[in-house]
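S.K.: These protein sequence lines map, in sequence, to chains A and B.
Position 58, counted from 1, in the first sequence is what my numbering calls 58; the numbers after and before it change by one each time, with no gaps.
With the second sequence counted from 1, adding 1000 to any position gets you my numbering.
If you're looking for bench data, these hints aren't it; they were derived computationally from the structure.
The structure presented is a predicted model; accordingly, all values stated were derived computationally and were not measured.
Check each hint, because a few of them may be wrong.
[Claimed, not checked] Per the computed footprint, the stretches of chain B lying under chain A, defined by three or more beta-carbons under 8 Å from a beta-carbon of chain A, are:
(1) 1011-1021
(2) 1035-1044
(3) 1056-1067
[Claimed, not checked] In the DSBU-like style, the derived pairs of lysine-lysine whose C-alpha atoms are separated by at most 30 Å in a straight line are:
(4) A:K4 / A:K96
(5) A:K6 / A:K105
(6) A:K65 / B:K1040
(7) B:K1040 / A:K69
(8) A:K6 / A:K96
(9) A:K4 / A:K105
(10) A:K96 / A:K12
(11) A:K65 / B:K1109
(12) B:K1109 / A:K69
Beta carbons: idealized from backbone N, C-alpha and C, even for Gly.
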Amino acid sequence: MAVKPKTLTQAKALYSTNSELAWWVFMRVSGLILIFLVAGHIWMGNIQINVADVDYAYVASRLSKGWVKVYDTFLLFFAMLHGVNGLRYSIEDYFKQANRRFWAKIILFTIAGILFVMGTMTLWAFDFSEMGDAVRSLDGGSH
Amino acid sequence: MYRGREGQWAFILHRLSGIAIALFLLLHVLDISLVMYGPKVFNAFLAFYHQWPFRIGLIMVIAGVVYHSLNGLRIIIMDFTEWGIHVQREMWYGVLVITAGLGFAILAKIVPEIIGG
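Build out the structure end to end from the sequences listed, making use of the hints.
M.R.: Here it is as structure tokens:
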């Protein structure tokens, strides 16, 4: 396995799966989907409002809406896979030593995995409609 | 297509904007996840985030997203059509023009907010 394939026939014999082709297709399909999802995300968060007005109450009210949770779940899923696979391409291109390439990818996938779990928890593990109400009543009490 | 001509610049900008957006994405998932720690922690963090250097950075990320989206469409057209390869250079200039146009529109919206706020 340590021997690098030198011809197409050798490469085909060595690599029985074609996962890189699948990723190539995925980057194009997810990219097309992300254009619409990200455009909507930027529109809602930066154009329709002043992004400096974003606070806990705003995010909590967003995360109380079912359609936002579904929208953001698709956004998180496609953006993380598309972005992390793109970073993986960059690591493959710019890290010349095999062991550095290996560890860079391990670190990347670990960080991405943790963040994906955190993002999914944020979207689905809490009832922000209740927490949002609690915070609004706190605000009302202090003013 | 390559050898330092438009195609190579298109690739370099696609790579740079892609890395920048992906790193921002990781940071952005982390910062929004802080909402799990409640209003005190989250609002304190957001106040830090709303300082002008971060807001300028956000404008650049948005510009990067616009370029990466449009050039991504150009790549898809090049990959799946015969004519796309013949007009890839023209399409890249189109990508730059639209990116600049949308970029100025976004600047016109957000810069007054930063100066005013």
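S.K.: Against each hint, give a clear statement of whether it holds in the structure.
M.R.: So, going through the hints one by one against the coordinates:
1. 1011-1021: holds (count 4)
2. 1035-1044: Since 6 is at least three, the answer is holds.
3. 1056-1067: holds (count 3)
4. A:K4 / A:K96: This hinted pair holds, its Cα atoms lying about 15 Å apart.
5. A:K6 / A:K105: holds, 25 Å
6. A:K65 / B:K1040: holds, 22 Å
7. B:K1040 / A:K69: holds, 23 Å
8. A:K6 / A:K96: Within the cut-off at roughly 19 Å; holds.
9. A:K4 / A:K105: Since the Cα atoms of K4 of chain A and K105 of chain A sit roughly 20 Å apart, the hinted pair holds (cutoff 30 Å).
10. A:K96 / A:K12: Holds, because 23 Å separates the two Cα atoms, which is no more than 30 Å.
11. A:K65 / B:K1109: holds, 27 Å
12. B:K1109 / A:K69: Given that 30 Å is the threshold and the Cα spacing comes to 27 Å, the pair holds.
No hint from the list above goes unmet by this structure.
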